[in-house]
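Work out the full structure, taking the sequences as your base and the hints as a guide.
Protein chains: 2
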Amino acid sequence: MVEVHGRRQVLRAAAVTGVAAAVGGTAALAGPVAAAAGEDTAAAGGRKRRIGVLVYDRMTLLDAIGPAEVLSRLPGHSVSLIGRRRGDVRGDTRHGAVVADYRIDEVDHLDILLVPGGSGRGATAVVEHEPTMRWIRHIDARSTWTTSVCTGSLILAYAGLLQGHRATTYWSAKDELNAKGAVYVPERFVRSGKYVTAAGVSAGIDMGLYLSALLADDTTAKAVQLALEYDPQPPFDTGSPDKAGPELQQLAMRLLLQSQH
Amino acid sequence: MVEVHGRRQVLRAAAVTGVAAAVGGTAALAGPVAAAAGEDTAAAGGRKRRIGVLVYDRMTLLDAIGPAEVLSRLPGHSVSLIGRRRGDVRGDTRHGAVVADYRIDEVDHLDILLVPGGSGRGATAVVEHEPTMRWIRHIDARSTWTTSVCTGSLILAYAGLLQGHRATTYWSAKDELNAKGAVYVPERFVRSGKYVTAAGVSAGIDMGLYLSALLADDTTAKAVQLALEYDPQPPFDTGSPDKAGPELQQLAMRLLLQSQH
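Top line first, the protein sequences correspond to chains A and B.
Taking full-length UniProt numbering, the leading residue of the first sequence gets 1, the next gets one more, and so forth.
Taking full-length UniProt numbering, the leading residue of the second sequence gets 1, the next gets one more, and so forth.
In case anyone wonders, no lab produced these hints; they're calculated from the structure.
Be aware that one or more of the hints could be misleading.
It does not matter which identical chain is meant; a pair holds if it fits inside one copy or across any two.
Said to hold, decoys possible - In the SDA-like style, the derived pairs of lysine to any residue whose C-alpha atoms are separated by at most 25 Å in a straight line are: (1) LYS243 - ALA213; (2) LYS194 - ALA213; (3) LYS243 - THR219; (4) LYS243 - PRO232; (5) LYS243 - HIS109; (6) LYS194 - PRO235; (7) LYS48 - GLN250; (8) LYS243 - ARG47; (9) LYS194 - GLN233; (10) LYS243 - GLY164; (11) LYS48 - HIS165; (12) LYS243 - GLN233; (13) LYS194 - THR144; (14) LYS194 - PRO246; (15) LYS194 - PRO232; (16) LYS48 - PRO232.
Quick look at the structure:
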């Protein structure tokens with residue numbers, strides 16, 4: 001605490017305004033501090049390990065941005081959003097969009113693939129788009145880790161990648177996951193071989209921290225958790241179907257259907 | 001559970017593929033189900049209440065997308081991302097971008113304003129852009145709720161809106177918040193009058209659920225929590241500075257400086 005505050009004092013003195021001091025990042029200061037940070041956890045050989053997030057229309061934005069935010073703080077790794085086309089990719093509620101910076105046909109290799117979930121229409125469109133499914137299988141063939149959030153695991157299962165693997169998915173999608181050859185496990189995130197699957201939507205943040213420990217080390221992952229101040233304190237305790245009970249389960253499904261387009 | 005599974009069976013039978021059943025949302029089915037959902041929680045008079053998220057270069061993407069994801073599930077509300085210009089708005093790590101669908105000069109009124117945090121350079125650029133600061137004050141003058149995540153509260157404070165208000169911010173920014181006239185409180189989210197401020201980055205999700213209860217009701221907020229399967233189980237317990245201790249605090253600041261651009 002003392003040393004951090006000491007650094008804050010330096011940053012504040014150097015910053016144009018108080019705001020600039022808040023999370024650091026003035027250009028003049030970023031250099032030397034960055035040079036001291038986390039070099040021992042970077043990928044060997046100087047090449048950044050590449051993390052790619054498949055983004056697609058009607059995906060659930062938080063499925064992608066949650067773990068992307070976590071993983072983008074790791075030294076020695078880059079994170080890219082990759083879509084069928086470059087440009088806007090609208091989420092399943094139409095209320096927001098992210099930007100695909102690369103097309104799938106521009107990306108031949110990823111160290112880590114992450115497939116987010118989406119609405120039924122969104123995920124179905126991916127499964128029915130043979131070039132995307134071929135790309136997923138191609139990337140998976142050489143990836144170190146292939147991962148998913150929410151119904152993204154159904155997409156991996158449809159690609160034939162989760163046969164016989166323990167895996168998880170959105171709570172209402174477990175039967176579909178089992179039907180495609182995976183073995184559903186009701187956990188927050190599940191590792192089976194090189195496949196790491198997360199439960200619904202927000203579970204991608206938890207999985208992102210788990211992956212951070214795999215990709216770097218526990219200390220770095222713990223620091224990333226603090227960097228994102230991930231000390232969850234939801235005002236209710238209804239985040240799993242068992243805790244919520246049948247009436248909230250019904251209402252949750254209705255809210256999803258109503259909010260999706 | 002039984003009724004939800006019953007509905008899943010219907011969806012599955014109707015869907016083109018199993019994926020379509022997973023989170024519902026086939027066009028044919030969305031209509032009647034949506035009609036039954038949550039109409040009693042919608043805003044009175046048929047007008048949707050408008051939630052606007054200010055997005056800006058070098059903001060922290062999860063600050064915006066976390067609560068936007070939560071709030072986009074509320075019946076009777078719309079969520080928009082609003083920037084200085086329409087189009088791509090890159091986050092503080094350059095690894096991803098979201099899309100501003102509206103310019104600030106196109107938006108004269110919001111029921112709820114949400115200001116995310118960002119890197120020091122990002123937040124400073126907002127504070128130094130007088131048209132944006134004028135817009136924040138203008139929107140705030142008629143908003144029902146004015147809210148922030150992370151260092152977004154510093155932007156509100158620089159706009160002069162938090163004088164004497166209890167408020168929170170990113171853990172390392174508390175001195176700056178106090179210096180601008182607010183009274184820092186080390187809580188996950190803080191309400192003072194019509195101002196609701198959240199702690200760092202991921203705290204926006206918790207605040208989003210709290211706002212959901214204010215805007216709709218507890219039952220709806222609880223169902224949204226399940227809809228996003230927000231049952232947090234981080235693999236570590238280092239999400240607050242006190243839990244993390246001084247060494248992880250230093251490393252977290254270094255990772256932030258290193259990852260920002």
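Structure-based check of all given hints:
For the homomeric pair LYS243 and ALA213, the shortest alpha-carbon distance between copies (18 Å) is at most 25 Å, but the shortest distance inside one copy (29 Å) is not. In this assembly of identical chains, LYS194 and ALA213 lie within 25 Å of each other by CA distance solely inside one copy; the values are 14 Å within and 40 Å between copies. Taking the closest pair of Cα atoms, LYS243 and THR219 come within 25 Å of each other only across two copies (13 Å); inside a single copy the shortest separation is 32 Å, beyond that limit. Proximity of LYS243 and PRO232 under a CA criterion of 25 Å is satisfied in both settings, with 17 Å inside one chain copy and 13 Å between copies.
For the identical chains of this complex, LYS243 and HIS109 are neighbours neither inside a copy (41 Å) nor across copies (38 Å), given an alpha-carbon limit of 25 Å. Taking identical chains as interchangeable, the C-alpha atoms of LYS194 and PRO235 lie at most 25 Å apart only when they sit on different chains, with a minimum of 18 Å there against 35 Å within one chain. In the homo-oligomer, the alpha carbons of LYS48 and GLN250 lie at most 25 Å apart only across protomers (23 Å), although the nearest pairing inside one protomer, at 44 Å, exceeds that limit. In this assembly of identical chains, the alpha carbons of LYS243 and ARG47 never lie at most 25 Å apart, being 44 Å within a copy and 33 Å across copies at closest.
Proximity of LYS194 and GLN233 under a CA criterion of 25 Å is satisfied inter-copy only: 21 Å between copies versus 31 Å inside one chain copy. In this assembly of identical chains, LYS243 and GLY164 lie within 25 Å of each other by CA distance neither inside one copy nor across copies; the values are 29 Å within and 39 Å between. When the C-alpha separation of LYS48 and HIS165 is checked against a cutoff of 25 Å, the pair qualifies neither within a copy, at 29 Å, nor between copies, at 44 Å. Within a single copy, LYS243 and GLN233 get their C-alpha atoms as close as 16 Å, and across copies as close as 14 Å, so both meet the 25 Å cut-off.
When the C-alpha separation of LYS194 and THR144 is checked against a cutoff of 25 Å, the pair qualifies only within one copy, where the shortest distance is 7 Å, while the shortest distance between copies is 48 Å. Proximity of LYS194 to PRO246 under the C-alpha cut-off of 25 Å is found in neither arrangement, the shortest distances being 34 Å within a copy and 34 Å between copies. Taking CA atoms no more than 25 Å apart as the test, LYS194 paired with PRO232 passes between copies only; the shortest distance there is 23 Å, against 28 Å inside one copy. Taking CA atoms no more than 25 Å apart as the test, LYS48 paired with PRO232 passes in neither setting, with 30 Å inside one copy and 30 Å between copies.
Against the hints set out earlier in the document, violations occur for numbers 5, 8, 10, 11, 14, 16.
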